[in-house]
Amino acid sequence: MSDHTSKQFDAEMEAIRSGVLSMGGMVERQMTRAITALREDEDARLIDAVAADEREINHSQVLIDQQCAQIIARRQPTAVDLRVVMTVTKVVNELERIGDEIKKVAYKSARVRGNDQLTRLRYHDVVRMAMGAQEMLRKALDAFARLDVNEAADVVEEDDEIDVAFNGVMRQLISYMMEDPRTITPALEVVFIAKSLERIGDHAKNISESVVQAVKGKDVRHATADQIRAEVAGE
Amino acid sequence: MKSAFRRGLASPALAALATLVAWAVAGPAWAAGVLAVGAGAIILFHLRHLQRVSDWASGPLDAEVPSGSGVWADAFAAIHRRVRLRKAQQREMGSIIERFRKAAEAIPDGVLLLDRHGHIEWANARAEQYVGLAMPADRGRPIVNLMRQPEFIRFMEGGEYAEPVLVEQSREPHLLSIQVVPYGASEKMLLARDVTQLEAVARMRRDFIANVSHELKTPLTVIAGFIETLQDLDLEPRQRERYLALMQDQASNMQRLVDDLLALSALESEHNPPNEAEFALVPLLLELSAQGKALAHGQHEIELIIGDAATVVGSRDELASAFGNLVSNAIRYTPPGGRIVLAWEVAADGGGRFSVKDSGIGIAREHIPRLTERFYRVDRSRSRATGGTGLGLAIVKHVLLRHQAELEIDSEPGEGSTFTVVLPPRRVKRAPAVAVERPPVAQASTAGGETAD
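Line by line, the protein sequences give chains F and S. Just so we're aligned, residue 1 is where the first sequence starts under the numbering used here, counting upward by one. Just so we're aligned, residue 1001 is where the second sequence starts under the numbering used here, counting upward by one.
The set of hints was computed from the structure by calculation and includes no laboratory data. One or more hints might be untrue.
Covered by chain S, according to a simulated footprint, are these stretches of chain F (three or more residues, beta-carbon under 8 Å) [unchecked claim]:
no., segment
1, 28-40
2, 66-75
3, 138-145
Just so you know, even glycine gets a beta-carbon here, dropped at the ideal spot from N, CA and C.
So that you can see chain F by itself, here it is in the shape it has in the complex:
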């Protein structure tokens, strides 16, 4: 490959990576807005903004997927480059799904709003879960930006915490519902919010696993954080 075309190729690779991260930035902003909606403001504009973010995110996904397809068709990348392109398409998919879940959280939070006392049930724990999911998302994207395997392993670890928090919220809500059937409707909304947040954690974890795969060429899906660290250190 001549110097000119390889430079061009590098630029294209750089562009899809930056594209993913900029899309990640959109998802992070959407998440921040959803948390604000969850926490305080009874602002309909916030929900609209979250929905608009979601459309923008979908648009980005299509765009980056096209770029990836073009790179594969025109450049036939191999080895590390091919792995990065594959990772990019995977990460883009995960981000789009996170966007969907965040939209659900924002919509549900608007419905929970009117129902003051009843739905304050475990609300603090839910907000804390949301912040945990946001942190995971940020770290997963940082790991992708830096191709940092250790940071990626951290994210996998944090996912366990979110799962524990989800189970705790669940148990609490069930006991509320058994005590007083009037709490069932609002409690179910909170269940859906918590479930979405838990899913966001899972998607962030998937992003981190793709990062490990891109860097090390090893499939670490369904492995624990310690296994990942051992795998990486064993190189």
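Once you've looked at the hints, dock chain S against the given chain F.
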């Protein structure tokens, strides 16, 4: 100094002279021998020095300059001088660069240098902390990959850097104001400032104005409505009286609000230090309990427990208003038939504790940190129905701040709340157990050793 060339000629000339003398004295064969030996010695001498120079020049940068003799001594001395000079210059440059670097580190804002592709070149410690960078590993990474906020990316791509951009982030600090200064050949300097606090203050100010307007508007609307009714309709005297009474209620609500606002602004003003004096606390407590009784209209049981007689240094009026606010809050938020206990004691460390414990509705945990914010209300309808201005606890907070005292709030929904004022030891003097008149309204019980009764 003679030129090295001329001085260098001295030894060949000497050799030539020795050759001539040998020729004259001992003949051409000897002369040839002397010439050969002389020339050889000279060549050997120069070659050895040449070797030293070339060893030194190809050796490490800070190697000692070799010493030499004859014509080489001067040359080496000159080289030595130059090296010393250069080293001094280098040290100076180094220290200048070091000073600049330290200055850049000391800038209270985050400073980031970007190359012409927008990749990170250098960052001071604060920028690392603000943006969450790990230098030097993040050197050469595009800044937009690590600061991914869409506003920021658009700002960087737009290339219009006259105005700073506000960037929100989930990590601390939550709000950064970012300014970009292009310099050199399309390099950029990025300045990041933490404006979280500024923004919070601005927001509080906006909220405050909106709240004040709202609080004044509600009674005003009622009054205006009644005025219209009174003007338009010919009412019976009894109805007129009723409307006028309602109007008066609303007017006194507004009056209270304005009074509280004025009290707050007086407390906030730094030019108005508290009027400090030493005063006996027990009479104040008796007054408070009597006022509480009057306010409760016999609907609550009010008890006063005086653990230790004491004098307090501070502004009596301000502390009376702060304590009074706590008492009236307790009465307001306790349903009829409830029980309110006012207690005073001197703690082990010599500080004073005045607490108001009620058996009222209590406050959920998440509201407690915000209670002293102006116009913060847990339940709007209840607060206004009982005639609160929403400023009572804000006034308490300010009075206590001026007395270096603290407010502790302990509450459980449905169980009641306890508000405790903790006065610092230097403001409290335990008084000898003087005879204090028995509280007229309360059944004082014995909490401490020396009691009021």
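Structure-based check of all given hints:
| no. | hint | result |
| --- | --- | --- |
| 1 | 28-40 | holds (count 4) |
| 2 | 66-75 | violated (count 0) |
| 3 | 138-145 | holds (count 4) |
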